[in-house]
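Engineer: Sequence:
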Amino acid sequence: MMSVNVYQSSFMVIQAGTMDRHVTPNFEIPAGSFSMFMMISIVVWIPFYDRIALPLASKIKGKPVRLGLKQRMGIGLLCSGSSMVASAIIEYTRRKIAIEEGLSDEPAAVVHMSALWILPFYILGGLAEPFNGIGQIEFCYSELPKTMSTIAANIYGFGTFISNLVASFITSMVDNVTKRGGESWISSNMNKGHYDYYYCLLAGLSMLNFIYFLACCKAYGPCHGDDKNQAEKSKKGDYESIDDS
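Numbering (the working numbering), first residue to last: 682 to 926.
Read the hints as simulated data drawn from the structure, not as lab findings. Any given hint could turn out to be false.
[Claimed, not checked] Computed cross-link-like contacts, SDA-like style, restricted to lysine to any residue with a CA-CA straight-line distance of at most 20 Å:
#: 1; residue 1: Lys742; residue 2: Asp731
#: 2; residue 1: Lys873; residue 2: Lys899
#: 3; residue 1: Lys873; residue 2: Lys742
#: 4; residue 1: Lys777; residue 2: Ala767
#: 5; residue 1: Lys873; residue 2: Leu735
#: 6; residue 1: Lys899; residue 2: Glu824
#: 7; residue 1: Lys777; residue 2: Asp701
#: 8; residue 1: Lys777; residue 2: Ser868
#: 9; residue 1: Lys827; residue 2: Ile815
#: 10; residue 1: Lys860; residue 2: Lys827
#: 11; residue 1: Lys777; residue 2: Val694
#: 12; residue 1: Lys777; residue 2: Leu895
#: 13; residue 1: Lys873; residue 2: Arg861
#: 14; residue 1: Lys873; residue 2: Gln752
#: 15; residue 1: Lys860; residue 2: Asp877
#: 16; residue 1: Lys860; residue 2: Asp786
#: 17; residue 1: Lys873; residue 2: Tyr773
#: 18; residue 1: Lys873; residue 2: Gly863
#: 19; residue 1: Lys860; residue 2: Phe692
#: 20; residue 1: Lys740; residue 2: Tyr730
#: 21; residue 1: Lys860; residue 2: Phe850
#: 22; residue 1: Lys777; residue 2: Ala789
#: 23; residue 1: Lys873; residue 2: Met888
[As the list claims (entries may be wrong)] Simulated DEER-style distance windows between Cβ atoms:
#: 24; residue 1: Lys742; residue 2: Asp701; range: 41 to 49 Å
#: 25; residue 1: Glu787; residue 2: Ile836; range: 19 to 27 Å
#: 26; residue 1: His703; residue 2: Val724; range: 22 to 30 Å
#: 27; residue 1: Phe850; residue 2: Ser785; range: 28 to 36 Å
#: 28; residue 1: Asp731; residue 2: Tyr901; range: 24 to 32 Å
#: 29; residue 1: Ile780; residue 2: Tyr901; range: 41 to 49 Å
Just so it is clear, CB atoms sit at the ideal spot from N, CA and C, and this is done for glycine as well.
Work out the full structure: start from the sequences and follow the hints.
Structural biologist: Written out as structure tokens, the structure is:
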């Protein structure tokens, strides 16, 4: 579901186009450039986590600490689901303002609401990628035999490909089902559609996916990668793996 949620960034571009994108009176961010905030979030978070967050946590606890693979993947899923919750709230507010301003029939009209309000989607999505994405890659490398390293290197990419297909399927299904009762939730006119309902649906699916992830973690048991790190810690004192239970 994480990649499915990231797929929604195309709708965010349309949404940003209907909002005030001015940062200063003379500078306006192009709607298509908002995706750069997700990249910025990733670039900033990875060194912050490695160079500041972990050393600070180690200092507070008095010994080196680290997050386990399953913990990182779980945090990534929570961040991804939270991005959809934030998007639903922001879109509900944007649509309400558009209706109050009498812009229901003007899909290209700009409402009096800053486009910077959609940044939580990109920031949370940017946090989800390092936690879940890198966690998945490390999980595949550590759990599969070395003779299957080529397969391990491509599992995440294959999963992303499947997620894009699932995202397209969900979008088509929602459009076909909701337009039977009138205006589609994902209408080309965002002021008449209900993208907030659509984002709530994705948030609900993300929560179900997280519950399924927890069940799989419990059934799978400890990760070999975490066990390996524990062994290295006992020899070198590099890290202490936080309990995955």
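Engineer: Identify every previously stated hint that the structure contradicts and give their numbers, smallest first.
Structural biologist: 2, 3, 5, 10, 12, 14, 23 and 25
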